[in-house]
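Trainee: Sequence:
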Amino acid sequence: MLKCCSLCHGQILNKFLDLGRQPLANKYPKPSGFQEEKFFPLEVFFCETCKNVQLGEMVPRSLMFEDYYYLSSVNGGLVRHFEALAEELKDAKFVVDVGSNDGVLLRPLKGLGVRALGVEPSVNVSKLANDEGLETLCAFFEETSARQVLDSHGPADVIVASSVFTHLDAPDQFIRAADILLAEDGKLVIEVEYILNMISQVQFERFYLDRIFYYSISSMKELFAKHGMVITGVEPVAQHGGSLRFTLMRDAAGTEAPELAEMIATELKVLNTTALTDFGQRCRDLTDKLVAGLKRWREEGIKVAGYGAPARLSTITNFGGIDSELLPFTIDDSPLKQGRTSPGAHIPVVAASELETYQPEVLVVFAYEYIDDIRKKTGNSYNYYMPIPLVELKAS
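First residue of the sequence shown: 53, per the numbering used here; consecutive thereafter.
A hint or two may mislead.
To be verified - In the BS3-like style, the derived pairs of lysine-lysine whose C-alpha atoms are separated by at most 30 Å in a straight line are: (1) K55 <-> K321; (2) K142 <-> K162; (3) K179 <-> K142; (4) K278 <-> K55; (5) K55 <-> K82; (6) K82 <-> K142.
FYI, nobody ran anything at the bench for these hints, they're computed from the structure.
Generate the whole structure from the sequences, applying the supplied hints.
Mentor: Right under this line is the structure:
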């Protein structure tokens, strides 16, 4: 049981969501490997002091990243996102991308002639990047690895961490490492899933064991202020259901973004215990509706399949008790996931070619933010549904 806030050590914590015992959402067991799965309680707490949301239990990082099955570059939407970010960074002298995955940002930076280095803890994924000629250090980003990069490459004028910060069990350690590596006037660019969007859009599926902290603007400001850093810019980005991109600098090099105070005032109207308790009940209700819909289609003889095997699939299916009886399989474009099964629920993950054989009438799209790409890949030949809430995704 969490006794104090892991960020600010505040004592007023409220548990507002219990998603039951869950497996690691990015571990896709082989059909013969179910007995090796580990399950942990997935409970979500809100700190009244710093307005941060966090999990009640931290799973050791060594269990998460030894073998990793998420590849950013198979996702066309993410590829375009990082190509656009690379354009914004094209004048940088040296960029370090933390949590660089298979080089999805390193690739366009290299194409623009920007000197760049990835830092990626997953052995198998960092190897893919290095094999492609995208220089990647296989390590966690800590003070030791930051000094190693500083000694071998010199200071970075930009450090990027996109959809990485929420995974860190020790964000203070990350910030100290960044302080070692950043040039005096260097910039830290962090993209995080925004808790306000998760709450307002009932995106409970974005809670899973790999992600420990779910940040508000308030908690980000307080966290970095402890380390003498200031938020010089904040802007919404579309990735992961609605994220924020923070630009941070040392106090001596930058000034606080003028829009910050108004943005914090807005989020404080939503981030309170009453609203979060209501959110927890809505999560249960929407999951019940999804299960009821899947059961109804099965009873009516309507063939159903899933599209996408992101981590959120694990949260939804394990919370809802959805197995391969209700969802026979799900498509995923990552070759690392194909031939395996979803965590916990053990729904087969297959290639898109399976659609031709099975010919479902309904596709439940778990990677719903990329529905336009999915429609193109599948010839717009099915009835497409978003899982939470269970609504049909109309053609745009």
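Trainee: Could you run down the list of hints and mark each one as holding or not?
Mentor: Outcome of the hint check:
Proposed proximity of K55 and K321 is supported: the alpha carbons are some 25 Å apart, at most 30 Å. A threshold of 30 Å between alpha carbons decides the hint, and for K142 with K162 the separation of about 10 Å falls inside it, so the pair holds. Between the alpha carbons of K179 and K142 the distance comes to roughly 25 Å, so the proposed pair stays at or under 30 Å and holds. Distance hint between K278 and K55 is fulfilled; the C-alpha atoms sit about 22 Å from each other, no more than 30 Å.
Proposed proximity of K55 and K82 is contradicted: the alpha carbons are some 37 Å apart, above 30 Å. With a CA separation close to 41 Å, the supplied pair K82 and K142 exceeds the 30 Å bound.
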